Amino acid sequence: MNADRRPGRAFVFGDNVDTDALAPGLYMKGSIETLARHCLEALDSGFAGAVRPGDFVVGGENFGMGSSREQAAMVLRQLGVEAVIARSFAGLFFRNCLNLGLAPLECAGAGSIQSGDVLTVDPVAGRIINRSRAQTYSCVPIPDHLLEMVKDGGLLPHLAKKLERQRDVS
Amino acid sequence: MGRTLAEKIIARAAGRDFVQPGQIVTCRVDLAMVHDSSGPRRHKAMLEQLGAKPWDVSRIVVVTDHYVPAFDAESAAILDLTRRWVRDEGVANFYDMEGICHVILPERGHLRPGMFAVGGDSHSPTAGAWGCFMFGIGATEMCGVLVTGEIWLKVPPTHLVRWNGRLGEGVAAKDIMLALCRDVGLGTVKYGVVEYTGSAVAASSMAERMVLTNMSAELGAQTGIIAPDRVTVEALAAAGVSVPEAASWQGDADAIYAKVWEFDASALVPQVAAPHSPANAAPVGDHRGVKIDQCYIGACTGAKLDDLRMAASILRGRKVARGTRLLVAPASQRITAAAAADGTLAALAEAGAILMPSGCGACAGYGAGVLAEREVCLSSTARNFKGRMGHSDSLVYLGSAYTVAASAVTGRITDPRPMLAEKVAA
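These protein sequence lines map, in sequence, to chains W and L. Its first residue numbered 49, the first sequence is counted upward by one per residue in this note's numbering. Its first residue numbered 232, the second sequence is counted upward by one per residue in this note's numbering.
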């Protein structure tokens, strides 16, 4: 979740993108690399092959509905997706993204983004610039109590730091 | 100011006198449940990386239900890793191939009203039927719980969903939830709590109440909950749990709800949700005649003893149609035993149903019973997302166990009510 603001392309999906589409059950027992090759194939069979590191996935309402499987967020990170932008997120998926260091950006303007648009995103400032359309959208900022975890790169590195501190004290 | 039941449980777990929606709190976790897919397989390496041990193994429940029984080398390895972790950490609460986690928890007496619990599965809200606040989390977040015994929470607002009136013959809790997916929508409650109340809920069994809280996940809720009553207390006693204060876990009469939704159970007819969303629900008659390749009665949502009995009430004296297959995967080993004892299983088997192991199975496309391209399935499970039960171009309809059984008899989507009436008349 770095803020180097490299431009990336938008891959746009609709409302209610579900976790089974992101991480299909048929491939859940395999490696994350295998699973990632099937990411979103039920909605767009070309997605996993076309997406490049630094690109963005854009959705409508209730993005990530369904399962608790955090592989739904992991596969996006595995494919190099920089951030997920949507009008709203399913709560469980939203938590998983933050825990895994993938920025979930709730953005009322997400509906203006078209597939192929070139975006730059500053997740900490909560700002998306659509270079293709010369538009700027603001997103809901990441909650204060999670900022430190997000800056640490997710829950595991955050916990490691916390445990390290505890061990130093004791 | 009045508090909802969910707010009271969160306040207790957060060590506060009261909490209000929107507030960020840290809660102590009373119980953490994981299964073979999201559990040790994922958190073992994370714990090792952190050099940390589980905070309290007596509060951890591990269930194998997703890859059971093993069907290839990979699934066998996942189960083997799960068993080894449980043994190495000394987890006593381990249920190996004995049933689906959400059904095992109450069946084996792990739930108590007022409990604050997390599960490594999105249908964890099922426990809300027992007056618990339980929600699903991902494996990394579960690792955090296992290390600290705590989790943060933004106190969710509560939506009150009231079903008054009496469900008609052949209409079940599943029909209530499919109607709600359509009428309330899949994201409207925005990770709030859905509390179910009303005379139709009060009149329903624990198994049927568990369908309501279970499918709260489909409504986009953080969890669902039902205040305990006499039915709850009696069911707890049957599971060997004595909780004298159980019925004290109630919302206040002047509690503040984000919204109150009112529905009439007596007006509800059997529902069927068309592919690829539970929100595509409509009266069964709207889908009449759709040809079905596979009928499936299974999963945490739709294969408890009540569901098997619903199916048997249709199938006694009838046969599964040629060209259609009916797969039945009872939700737990104990349910299988009870269904064997009361003649339910015999009725299913004589009708031509194929009995499957207890587990999540085909519901999530993990186990046996997945679909080929263009195949059509009618299922008593919770989700019919595109590709979930197999090939991405298969089609899944959702309905109650009554509707699935009636449709198995004709090979087409069928209203179960005439068959039930015919049986009564005979």
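Derived from the structure by calculation, the hints contain no laboratory data. One thing to keep in mind: the hints can contain errors.
[Stated by the list, open to error] Restraint-style ranges between C-beta atoms, simulated for each label pair:
#1 W:Asp-216 with L:Pro-300: 44 to 54 Å
#2 L:Ala-603 with W:Ser-79: 24 to 34 Å
#3 W:Ala-173 with L:Ala-603: 40 to 50 Å
#4 W:Arg-57 with L:Lys-284: 20 to 30 Å
#5 L:Asp-573 with W:Lys-199: 33 to 43 Å
#6 L:Ser-436 with W:Ser-218: 48 to 58 Å
#7 W:Ser-180 with L:Asp-311: 30 to 40 Å
#8 W:Gly-78 with L:Lys-522: 31 to 41 Å
[Claimed, not checked] Below, a list of computed lysine-lysine pairs in the DSS-like style, where the Cα atoms sit at most 27 Å apart:
#9 L:Lys-550 with W:Lys-209
#10 L:Lys-239 with L:Lys-421
#11 L:Lys-421 with L:Lys-385
#12 W:Lys-210 with L:Lys-275
#13 W:Lys-209 with L:Lys-522
#14 L:Lys-385 with L:Lys-239
#15 L:Lys-490 with L:Lys-522
#16 L:Lys-284 with W:Lys-209
#17 L:Lys-385 with L:Lys-550
#18 L:Lys-284 with W:Lys-210
#19 W:Lys-199 with L:Lys-550
#20 W:Lys-199 with W:Lys-209
#21 W:Lys-199 with L:Lys-490
#22 L:Lys-385 with W:Lys-210
#23 L:Lys-490 with L:Lys-239
#24 L:Lys-522 with W:Lys-199
#25 L:Lys-421 with L:Lys-490
#26 W:Lys-199 with W:Lys-210
Note that the structure is predicted; figures quoted are calculated from it, not measured. For each residue, glycine too, the CB sits at the ideal point set by N, CA and C.
The hints, checked one at a time:
The hinted window of 44 to 54 Å between W:Asp-216 and L:Pro-300 holds, with their beta carbons roughly 47 Å apart. Distance hint for L:Ala-603 and W:Ser-79: a CB-CB separation of about 25 Å, consistent with the stated range 24 to 34 Å. Between W:Ala-173 and L:Ala-603 the beta carbon distance is about 49 Å. The supplied range of 40 to 50 Å therefore holds. For the pair W:Arg-57 and L:Lys-284, the beta carbons lie near 44 Å from each other, so the given range of 20 to 30 Å is not met.
In this structure the hint that L:Asp-573 and W:Lys-199 lie 33 to 43 Å apart at CB is violated, the actual value being about 58 Å. For L:Ser-436 and W:Ser-218, the hinted distance range of 48 to 58 Å is satisfied, since their beta carbons lie about 51 Å from each other. For W:Ser-180 and L:Asp-311, the Cβ-Cβ distance of about 51 Å falls outside the hinted range of 30 to 40 Å, so the restraint is violated. In this structure the hint that W:Gly-78 and L:Lys-522 lie 31 to 41 Å apart at CB holds, the actual value being about 33 Å.
For the proposed pair L:Lys-550 and W:Lys-209, the alpha carbon gap of about 62 Å is over 27 Å, so the pair is violated. Our distance criterion of 27 Å between C-alpha atoms is met by L:Lys-239 and L:Lys-421, whose separation comes to about 20 Å. With a C-alpha separation of about 12 Å, the suggested pairing of L:Lys-421 with L:Lys-385 holds against the 27 Å cut-off. Distance restraint check for W:Lys-210 and L:Lys-275: the Cα-Cα separation of roughly 19 Å lies within the 27 Å cut-off, and the hinted pair is therefore satisfied.
Between W:Lys-209 and L:Lys-522 the alpha-carbon distance is near 57 Å, which puts this suggested pair outside the 27 Å criterion. Restraint check for L:Lys-385 and L:Lys-239: satisfied, since their Cα atoms lie roughly 14 Å apart, inside the 27 Å limit. Between L:Lys-490 and L:Lys-522, the direct Cα distance comes to roughly 39 Å. Violation of the 27 Å bound is thereby established for this hinted pair. At most 27 Å may separate the alpha-carbon atoms for a hinted pair to count; L:Lys-284 and W:Lys-209 meet this at roughly 16 Å.
For the hint linking L:Lys-385 to L:Lys-550, the alpha-carbon distance of about 51 Å lies beyond 27 Å, and the restraint is violated. Restraint check for L:Lys-284 and W:Lys-210: the C-alpha separation of about 15 Å stays at or below 27 Å, so the hint holds. With a C-alpha separation of about 61 Å, the suggested pairing of W:Lys-199 with L:Lys-550 is violated against the 27 Å cut-off. As the CA atoms of W:Lys-199 and W:Lys-209 are separated by approximately 12 Å, the hinted pair is consistent with the 27 Å bound.
At most 27 Å may separate the alpha-carbon atoms for a hinted pair to count; W:Lys-199 and L:Lys-490 exceed this at roughly 36 Å. At most 27 Å may separate the alpha-carbon atoms for a hinted pair to count; L:Lys-385 and W:Lys-210 meet this at roughly 22 Å. Distance hint between L:Lys-490 and L:Lys-239 is fulfilled; the C-alpha atoms sit about 18 Å from each other, no more than 27 Å. Between L:Lys-522 and W:Lys-199 the alpha-carbon distance is near 53 Å, which puts this suggested pair outside the 27 Å criterion.
Simply put, L:Lys-421 and L:Lys-490 have alpha-carbon atoms about 12 Å apart, close enough for the 27 Å limit, and the pair holds. Only pairs whose Cα atoms come within 27 Å are accepted, and W:Lys-199 paired with W:Lys-210 is accepted, the gap being roughly 14 Å.
When the structure is compared with the earlier hints, violations turn up for hints 4, 5, 7, 9, 13, 15, 17, 19, 21, 24 and for no others.
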